[in-house]
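Chain by chain, the residues run as shown.
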Amino acid sequence: MKLIFALLFGAAFGVCLQRSQIVRYDRQMGLLLLQDMTVLKFVLSAAGTAMIGIHLLVMAGLANFQFTPLLLGGNILGGVLFGLGWALCGYCPASAAGAAGEGRLDSVFALLGMVAGAWAFAHIYPFLERTVLFKGNMGLVDLPLLTGASPWAIIAVVLCVFALVMAWFEHKGL
Amino acid sequence: MPLSQKPKWSPYVAGMLSGVLLTVSVAISQIYFGSSLGYIRAAGLMERLFSPAAADGTSLYAHFFGPASGLDWQTVFILGILVGSLFSSLADGSFRLLAVPYRWRERFGPNWIKRWLAAFAGGFVIIFGTLLAGGCPTGHGLSGLGQLSASSAVSMLTYLIVGILAARALYRSR
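Sequence order for the protein chains is A and B.
Counting in our numbering, the first sequence runs from 1 upward without gaps.
Counting in our numbering, the second sequence runs from 1 upward without gaps.
Treat the hints with care, since some could be wrong.
[Said to hold, decoys possible] Ranges between beta-carbon positions, derived for each pair:
#, chain 1, residue 1, chain 2, residue 2, range
1, A, G148, B, A91, 25 to 35 Å
2, A, P69, B, D92, 37 to 47 Å
3, B, A27, A, P69, 44 to 54 Å
4, B, A62, A, L72, 23 to 33 Å
5, B, L165, A, A156, 25 to 35 Å
6, B, K114, A, L56, 42 to 52 Å
7, B, L90, A, K135, 12 to 22 Å
8, B, G57, A, L72, 40 to 50 Å
9, B, P52, A, N64, 53 to 63 Å
10, B, L165, A, I124, 18 to 28 Å
11, B, L165, A, E170, 48 to 58 Å
12, A, L174, B, D92, 37 to 47 Å
No wet-lab data here; the hints were simulated from the structure.
Positions of the beta carbon are idealized from the N, C-alpha and C atoms, including for glycine.
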């Protein structure tokens, strides 16, 4: 039953990713080369909507937060590796699957690389755990805790910034 | 050229729909979207086929593999993205078998092998990065930013900044 939901939500998300073309290498590299902001428009719209939805659910007592701790070592080193790989690959873990679905053959090799990378990660995990991963562990912090502002105040500010950024992209024709 | 085409769905609409999908998933099953952990599961399942002893001795797999191990929510979610994108692209005629994306071809030429090796290597580094950082642009960008998680904000900013610098170096070199 749970897995049927996983398939349905995955498929619906896949349709959104495919129809907005953000699964494509050309769109992803368009973002990284600062020539086409389609991918960022999608991400900001999705994150902004999710902020409202999730906080309403939590406020109504219908859901709990489940996020990862701020690990400066893991987040920043992982972020650097991701950025380097992203520029070379042009797909991310979700969009590689979507690109394979619309027939992009290079994304199949991206998917294989990802499985191989996950295998390698699993095998050197004990070493990473001892060394870099938990360096700078700040615990389970969110932006309200970090700034002392209320979640809704932060959401309001973030949504305004997102709207300004998107208006600027439209103005520039990106 | 396909680069100048507008996407079929506005990225704003597709992004907002994705945010709503995530909210519904959290409301009905307390499950936040993420795409990177599914690759660990896939790697573990494959390794188990070839070398059960090595797979069972790996602590990170042990963390994910319960007694009834098989496909889990996240692996099926990734398959769902592929299936959704396949149906969506077949339905509107955008499905296309393509070995080398346009932008890559313009910069690096039509050599398939070169592109596929880059996609594989990039995918390898990407998943390694997301597993260190605790999420991909789905897990951190949608689910994490939706919860205003500090770790997601730090990771996403690092992904974007390093990705932009690396893409610039890659496309400007020579």
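(request) Note whether the CB distance of P52/B and N64/A lies within 53 to 63 Å or breaks it. (result) Violated: the Cβ-Cβ distance is about 36 Å, outside 53 to 63 Å.
(request) Using the Cβ atoms, figure out if A27/B sits within 44 to 54 Å of P69/A. (result) Distance hint for A27/B, P69/A is violated at roughly 25 Å.
(message) Given the hint of 40 to 50 Å, is the C-beta distance from G57/B to L72/A inside that range or not?
(response) 30 Å, violated
(request) For K114/B and L56/A, compare the CB-CB distance with the range 42 to 52 Å and indicate the outcome. (result) 48 Å, holds
(message) I want to verify a distance hint. Is the separation of the beta carbons of P69/A and D92/B within 37 to 47 Å?
(response) At roughly 42 Å between Cβ atoms, D92/B and P69/A fall inside 37 to 47 Å, so the hint holds.
(request) Please test the hint of 25 to 35 Å on the beta carbon pair from G148/A and A91/B. (result) Violated, since G148/A and A91/B (Cβ atoms, about 49 Å apart) do not stay within the stated range.
(message) 18 to 28 Å was suggested as the range; check whether the CB atoms of L165/B and I124/A agree with it.
(response) 26 Å, holds
(request) Could you check the hint for me, namely that A62/B and L72/A are 23 to 33 Å apart, CB to CB? (result) 27 Å, holds
(message) 48 to 58 Å was suggested as the range; check whether the CB atoms of L165/B and E170/A agree with it.
(response) 25 Å Cβ-Cβ, so the 48 to 58 Å window is violated.
(message) Verify the CB-CB distance for L90/B and K135/A against the hinted window 12 to 22 Å.
(response) 47 Å, violated
(request) Could you check the hint for me, namely that L165/B and A156/A are 25 to 35 Å apart, CB to CB? (result) This hint holds: roughly 31 Å between Cβ atoms.
(request) With respect to the beta-carbon atoms only, verify the hint that L174/A and D92/B lie 37 to 47 Å apart. (result) 25 Å, violated
Checked against the numbered hints above, the structure violates hints 1, 3, 7, 8, 9, 11 and 12; every other hint is satisfied.
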